Each structure stands twice: as structure tokens, then as C-alpha cells.
Amino acid sequence: LEKYCPLVLGPTRVIVAVAGDDIILPCYIKPNITAEDMRVEWFNKYHDQIRSYEGRTSLFKEQLKKGNTSLKLTRVQGTDDGRYKCLVQSKTHYDDATIQVYVIAIGSQPEVSIEGPKEGGMGLLCVSKGWFPEPELEWLDSKGVTLSAGPSETDRDYEGFYIVKLKTTVKETDTNVFTCRLRQRQLSEQINMETEFHISMIVPLVIVLVAILAFSIWWLNGLCNDYSNRKLIKGFD
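Read in full-length UniProt numbering, the sequence shown has 142 at position 142, and its numbers run on one by one without any break.
It should be emphasised that the hints constitute simulated quantities derived from the structure, not laboratory data.
Remember, it's a predicted structure, so these values are computed and weren't measured experimentally.
Don't take every hint at face value.
What the hints assert, rightly or not - Listed below are the simulated DSS-like cross-link pairs for lysine-lysine, each with C-alpha atoms no more than 25 Å apart in a straight line:
(1) 65 / 85
(2) 85 / 129
(3) 118 / 85
(4) 143 / 171
Unchecked claim - Here are the simulated distance ranges between beta carbons:
(5) 185 / 156: 15 to 21 Å
(6) 72 / 123: 28 to 34 Å
(7) 134 / 98: 40 to 46 Å
(8) 148 / 89: 23 to 29 Å
(9) 125 / 30: 51 to 57 Å
(10) 188 / 116: 53 to 59 Å
(11) 34 / 13: 47 to 53 Å
(12) 192 / 94: 46 to 52 Å
(13) 32 / 196: 57 to 63 Å
(14) 111 / 89: 49 to 55 Å
(15) 125 / 145: 18 to 24 Å
(16) 72 / 33: 17 to 23 Å
Every residue gets a Cβ at the ideal spot worked out from N, C-alpha and C, and that includes glycine.
With the hints as extra help, turn the sequences into a complete structure.
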């Protein structure tokens, strides 16, 4: 039966791909007959050709005569995660195999910045980029207690990697030390990253800058009013 209805086979396991690496998506015909005169097509989960794959995919043309229809995918990125279908069609028969690709990308250390005075305290922002799958962020005080924060903001860059942000508003404490913790629980080995932030010197500086700015605006307004009054008096002379 295989002679007249060849089977298209792929791996039974998930293909784990590290971002930036080249991978091979195995697919072959059984029995190992030539596929040179057959139609060989690969589809992603969207069943179309998108720009992110341009210049990154190729077949092993010399191996087609041995029934090897595997696909090489270079420079793996976040958008490559998902399900693929290898389809082989002859004049009388066609079959396909499904391959699952799971992309892993370890992103950047969380970066913490100060947003400035907020109602009830000082606003802090934590950002981390280049992750896949999406990680979790949380804010902690110096005792390791989780701080209240709004929902995390998630975006994806042009390669499909996750950018995560989390804001919180903190009040002055004995230490003024706060920590942004990142967790990636979806990998076989959980990844934890932490960035500690100290704001005791920054808060007074921000307050001083705000005071200086307010005084500068008041002083400039005074100069403008004085100039206008002089010009008006001169016009009556």
C-alpha cells in the first residue's frame, strides 16, 4: 500500500528552538521514494507566506530524490513559534505531516526607571525586552512583600519577542529600596531575574527640580508682565 500511497511523516516530539539559532523541521516520505517530481509545500499556522520568513527558509534539494522534504529555518525568532504543516502531493496522492515548534528566548535584565511624583508617592517603571514566551513581572519592597501595581503592559517587537512593562507607585520607607522581579515559569527550568532600585537620593532631587522649574516660570512671567507694562506706558507718552 505504501508503494501506491506513500506516507508523509514528521517528528512525534515538539521541536524546541532557541532564538537566533538555525533549526531543521524534519519531514520525509515513506518509503523513501523521490520527491523531485512532487509538489512540496510548507505552511505555517496561518497557511500563508509572510514577510518574516523571506530569505530564512530552504529545502534540501539534493535530498529530495531520497524522499527528504525537511525544511531549514534560519535565525529563529518569536514569530516562528507554532504549528507547521509539510504537504507532499503527487499526481495521484497527497499526504501531510504536522510539526510543532516551541521557541525559547531569554530576554534582558529588568530595567528600572523613575517616572516622577505621582498621587500618593513616586512612580516607578520596570521594563524587560526580548522574551519568549511572555514572562511575569512584580514589584517588591525591601522585605520581599509584593507591592500593588497596575496590570502589566505587553507588546511585541517586529520579530515577535515580548516587551513587558510594569508600573507602581511607592511611598517613602526606612530603606527606600524596591525590587522588580521577573519570572519565566513556562520553561523547563524557571528563570528568575531581579533588579534592585534605591530612590532616597532621587526623590529630593526631583522635588528640587520641580521647585526650580516653578520658580523659573514665575520669574519669566514677571519679566514678561513688566516688559508689557513698560511698553504700554511708553505708548501713552
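Each hint, compared with the structure:
1. 65 / 85: Holds, at roughly 20 Å.
2. 85 / 129: 30 Å, violated
3. 118 / 85: Judged against 25 Å, a Cα distance of about 51 Å means the pair is violated.
4. 143 / 171: Holds, at about 14 Å.
5. 185 / 156: 15 to 21 Å: 19 Å, holds
6. 72 / 123: 28 to 34 Å: Violated - the Cβ-Cβ distance for residue 72 and residue 123, about 47 Å, lies outside 28 to 34 Å.
7. 134 / 98: 40 to 46 Å: 24 Å, violated
8. 148 / 89: 23 to 29 Å: For residue 148 and residue 89 the Cβ distance comes to about 58 Å; the hint is violated.
9. 125 / 30: 51 to 57 Å: Check passed, 55 Å falls within 51 to 57 Å.
10. 188 / 116: 53 to 59 Å: At roughly 40 Å between Cβ atoms, residue 116 and residue 188 fall outside 53 to 59 Å, so the hint is violated.
11. 34 / 13: 47 to 53 Å: The hinted range 47 to 53 Å is violated for residue 34 and residue 13, with Cβ atoms some 27 Å apart.
12. 192 / 94: 46 to 52 Å: 48 Å, holds
13. 32 / 196: 57 to 63 Å: 59 Å, holds
14. 111 / 89: 49 to 55 Å: With Cβ atoms ~50 Å apart, the hint holds.
15. 125 / 145: 18 to 24 Å: 20 Å, holds
16. 72 / 33: 17 to 23 Å: 22 Å, holds
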